[in-house]
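Protein chains in written order, with UniProt numbering: chain A, 1 to 316; chain B, 1 to 431.
In short, the hints are calculated from the structure, not lab data.
Be careful, since some hints might not be right.
Stated by the list, open to error - No farther apart than 25 Å at their CA atoms in a straight line, the calculated lysine to any residue pairs in the SDA-like style are these:
hint	chain 1	residue 1	chain 2	residue 2
1	A	2	B	267
2	A	2	B	269
3	A	2	B	270
Being a predicted model, the structure only gives us computed values, none of them experimental.
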Amino acid sequence: MKHLLGTDGLDRDTALAVLDTSDGLKRTLLGREVRKLPTLRGRTVITMFYENSTRTRVSFEIAGKWMSADVVNVSAGGSSVGKGESLRDTALTLAAAGADCVIVRHPASGAAHRLAGWLAEAGTSVVNAGDGTHEHPTQALLDAATLRDRLGDVEGRRIGVVGDVLHSRVARSNVHLLTTLGAEVVLVAPPTLLPTGVADWSVGDAGSLVVSHELDPELPTLDAVMVLRVQAERMHGGFFPSAREYAIAYGLSENRLRLLPEHAPVLHPGPMLRGMEISAAVADSPRAAITQQVTNGVHVRMAVLYHLLAGEEDGS
Amino acid sequence: MTTLLIRGATPYGEGGPVDVLVRDGVIREIADRVDADAGTEVLDAGGLVALPGFVDLHTHLREPGREDTETIETGSRAAALGGYTAVFAMANTDPVADNAVVVEHVWRRGREVGLVDVHPVGAVTVGLKGERLAELGTMARSAAGVRIFSDDGLCVADPLIMRRALEYTKALDAVIAQHAEEPRLTVGAQAHEGEQAARLGLAGWPAVAEESIVARDCLLARHVGARLHVCHVSTEGTAEVLRWAKGRGTRVSAEVTPHHLLLDDSRLSTYDPVNKVNPPLRTATDAAALRAALADGTVDCVATDHAPHASQDKDCEWSAARPGMLGLQTALPIVVQTMVNPGLLDWRGVARVMSERPAEIAGLPDQGRPIAVGEPATLTLVDPAGRWTVRGADLASVAANTPYEGMELPGAVVATVLRGALTARDGKAAK
Chain A
1 MKHLLGTDGL DRDTALAVLD TSDGLKRTLL GREVRKLPTL RGRTVITMFY ENSTRTRVSF
61 EIAGKWMSAD VVNVSAGGSS VGKGESLRDT ALTLAAAGAD CVIVRHPASG AAHRLAGWLA
121 EAGTSVVNAG DGTHEHPTQA LLDAATLRDR LGDVEGRRIG VVGDVLHSRV ARSNVHLLTT
181 LGAEVVLVAP PTLLPTGVAD WSVGDAGSLV VSHELDPELP TLDAVMVLRV QAERMHGGFF
241 PSAREYAIAY GLSENRLRLL PEHAPVLHPG PMLRGMEISA AVADSPRAAI TQQVTNGVHV
301 RMAVLYHLLA GEEDGS
Chain B
1 MTTLLIRGAT PYGEGGPVDV LVRDGVIREI ADRVDADAGT EVLDAGGLVA LPGFVDLHTH
61 LREPGREDTE TIETGSRAAA LGGYTAVFAM ANTDPVADNA VVVEHVWRRG REVGLVDVHP
121 VGAVTVGLKG ERLAELGTMA RSAAGVRIFS DDGLCVADPL IMRRALEYTK ALDAVIAQHA
181 EEPRLTVGAQ AHEGEQAARL GLAGWPAVAE ESIVARDCLL ARHVGARLHV CHVSTEGTAE
241 VLRWAKGRGT RVSAEVTPHH LLLDDSRLST YDPVNKVNPP LRTATDAAAL RAALADGTVD
301 CVATDHAPHA SQDKDCEWSA ARPGMLGLQT ALPIVVQTMV NPGLLDWRGV ARVMSERPAE
361 IAGLPDQGRP IAVGEPATLT LVDPAGRWTV RGADLASVAA NTPYEGMELP GAVVATVLRG
421 ALTARDGKAA K
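Extracted from the complex, chain B is given alone in its bound form (with noise of 0.2 Å):
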């Protein structure tokens, strides 16, 4: 293998710059000045940080079933250029991950592209319908080694079944991710239900619908002594309940998505569907209190909910358009921007929260690590001053609409490696 030297870059932003040796994908040695032997490619990082590799625990890759929107391939590019180096891969595909052969074609892909660890989500409940368990043990079992389940797109909303899958996954050594929304409180929603959607006429998705679980949830992780994950947080109530849930000792995590931290149902009122996703976009408080939430602790992670959607099931009507939006490459600006730019976390924490409790979550051993000898070189490398304005159409997903379209983010990603592999550089994913 390659011997890979990054030079310049200062880890975490913290210090000066050190120069990172990386052989064999192992990190082998850092110093104020490492010399280059022949034939080492040298990677000038002056003026970057250097961070691990991120990790997103939520990612719609659409294959198998809606490779019209994104393939396991794209969505590894988008990936790698967002500075990721582990990825998980969410269920609701068609067919549903709810089988070893799914999880394991979906994880076997992931491999063959080469640019990001793919790891499949299972789904908990057979065909994502809330009935009964999927095969979990198998799944865990399985070449892909599925370490989470979610019926995400949908809540596991009958508490027996939630009890169930929570209470089985204990002796799995994995975890249920739930999307938090109760079922008969959200029928025909399509909007934060607040004055916004009210005024304009959009059945409401209220913050009690995701509450209410989440609460639900909490206590019954706590029954079992299980743990649990909640998926996109996007009310100020839900943090409250997680600290709550949290300072009695239940083992819960949750993550927040990027457009949760940055936008809010005032979008709406011009009936763009790029603006429609599920969770819905909330008030500007509940944002500040998401990011404030993010910054203490109290949620863990920054998820994307990366979700490609047609252009047809997106520029139409807005009931008629489906939820969701793309998310890995604009993910590290939008926390930059609302997070390390305020003030509310250093690059240690833009570490904690994009990559380091991420891989905790889910249980990742070689992702995550700290940046020192003897870790793998996963790392990803940020140009704290690059400023860059979103394109749909030059992202890599398939799917090419995005709520962020001309808007102008700080930031840049400006090269990842997975193992001691550069997958991206400058803008070009390595393939």
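Chain A with its partners taken away, still in its complex shape (with noise of 0.2 Å):
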């Protein structure tokens, strides 16, 4: 693996082996004292983060230090970004300075796919940390040890996916990694809030991908729910008529937690809108796999680097 700039066409043989490594790195740092790996030492990973994002950068930053890499992070508010540097010149700038691996996260859909076009002379490499509206795929890798965690496997599972799923790249990830890890995906949305034509889209061979506009019928079949956040702007742009009306159909809430199967996990990317997309009660409750998830995404994202900048060793 060079790069990972999304889900979409990744394999499946690749995704499991970035998730058994997870699980395995999980195992290692059980219990220890000190919880640093010597693998990575003498390796530098920049990460770009031109959103703001607490959890996500700090995530991949302690992946990256319990992996003994050198990390340096570069945001865009404190940097050359600020004076109106292209995102080309950024990047061909760090990979001179001797970066191994760049992380991005932008506001432009596609930004990771064009950073690794730059940056293929230099033979750095590119983890896309979430590009616009289009992929996630660290979070989907998360999600996805978190669902083997809970459910044992994904393969055959049906797992709803609910609310913006139109501006989610978290929702895109998944549907393309679960599909192809074998799952039936959900998406449970208003019109407004779902991408053009994605009842047709074409995903992981091994997995299905229906839609729905109405989240009751579907919750005693999943066996694990993954609510989106719904941003304030999409509130205002007229995607649907109120707050109180999202919340209403689509939140969810204690009494529709009821209509899950016991066994299903509730999970949510962060940050939670309580109140809106999901209740606080279900927020809190043992059912909610929401710190699992930030747990399993330093684990997950120490494996993603591990195959990207100690991948050739693997092999060998």
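Got two chains here, separate frames each, mind docking them using the hints?
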């Protein structure tokens, strides 16, 4: 694996290898006082965040540090980025400075793909930490890791993804990864928050994708439900009439939770809007896997860095 | 003026080769064999098809304002090399061509360069803001003699302003060329609204944003008895609307760009903004419908929407990139590839869509004329068997980025003649 730009096109074997490595790292580190492995010593990892995201940036930073990589954080506010330097120039500068891997979060869909193109000559690996409304592959991988923890396996499971699918990179990455891993994904949203033609998307061969506008009939059939954040600007963008109506139709309340089978966990990529897409009681219930997702996030990102930067040794 | 003898060309690709004698800018003789006097310049045109010089209703020459991407001089060179003898320079320059001073400047610079007739398009509204009419009459009566008005790049979205513009230009023997894009339906739009853009997370530019404006404007044009020209038709639905409007006698004409004939949104997956254009690349089904509409006359002509951009505005992330692509030098080859080779158009048809119809729409009396004795010698000579590989750096424009980079295309413009003067020959502009 040279880059991780998305889960669309990521093959099943590679995905499973990353998830297995993640599990292995988790077991290795379990109960250790010093949680540091020497694997990536001498490697330089740079995070470039053009959008605020404490949780993802910190997760990558911890992942790199636990692997003994030198991690440098560049944020759009305090660098040349604020002076109008192009993404291309910034990327080339960081590569020339010796980055082995660039982790990028950017508001433009496709930004990570463009970076990978510009950095091809330098040989720098690129990890997409979220590009616009396109993909967020490590989020999908950590969600899959969490589903494996809770359900044993993803294959053959029916996973609901509820909310603003249209603007969600998390949803896109999960659709591709979970279907590749053999799940049936059910997208639940009002028609205004679904991407064009999504019901006809070609997805992972092993799984399938269906679309629904009603949450209640789906809940009893699900093995897990993933609740997406509804961003404030969507509420004022006319995608649905009011926050109240949205919460009534799609919010995961305590009553709705009762419709979900006992074994089915609730996932949320965070940050949560309590009272909107998820009630406080559900968010804090043992059914919610939200902190487990965050913990798995570190291990999955360690695994991704391992496969990108130490993968050659792995193969030889 | 010198005498030019074009030897062995086949007019419209019909019948046998003939010699065409040109003196003082006019075709004097067409015969199987014309002898050359001493001092006559002879152009060996064996195997070439002779067509009336091409007319482009839609070109962005970027001067004044963005001379780092194109100038009237470099754009004229690209036009001559592409077989064009007249081009219409869009009004969205900086300053905007919304007054007689700017349109006369563009017109004069075009004359000074002298490679192609450069006709400025005047803005419909002041500053392209869509709020109040620019001084259309003053521009029409200026030395530039503006006959096409357009806010291209932006839509004249306000139905009342559009109605008044259509109505007012009736007195000027001019036409409004509409960039059909309902702005409320394309807020933040990045690519054709379809499965491809949805997967890629690019905000959609729906076909209906074009089709609804074209339908509205056809109704308005009919209501006030005015002429309307529709820029860069990009969807199957627009072709259907045009077919309906023409069927009930609306005076509407329309153009399609070479890129909408050839390319589609399957190219988006690389996120390379060389493919970003407005209106966006549509589906392969749309492209096929546009080729059929051009063949049957529903869409009248080909216009390039030649839109050069600096590399920093293209070699960047998709949403930061500017829309538009080079078009003048690749137009004819793309028409050959998409229309002639599949049998949708013969060379007579190429003459119609590249020269005669655009000249009629613009009201140019001396362009798009028949290849006949007494007519102006404004001609394009095409090698139908020619093939060439596009290299952006080799194109005459200042900007060098193109979606056709490395693509091999059929059909080559060998020479361009403007009123008896060679403006381009064998890949070199006359100046």
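Straight-line alpha-carbon gap residue 2 of chain A to residue 269 of chain B, limit 25 Å: This hinted pair holds, its Cα atoms lying about 18 Å apart.
Given pair status - residue 267 of chain B, residue 2 of chain A, alpha carbons within 25 Å: Holds, at about 23 Å.
Satisfaction of hint between residue 270 of chain B and residue 2 of chain A, Cα-Cα up to 25 Å: holds (17 Å)
The structure fails none of the hints (numbered hints given earlier).
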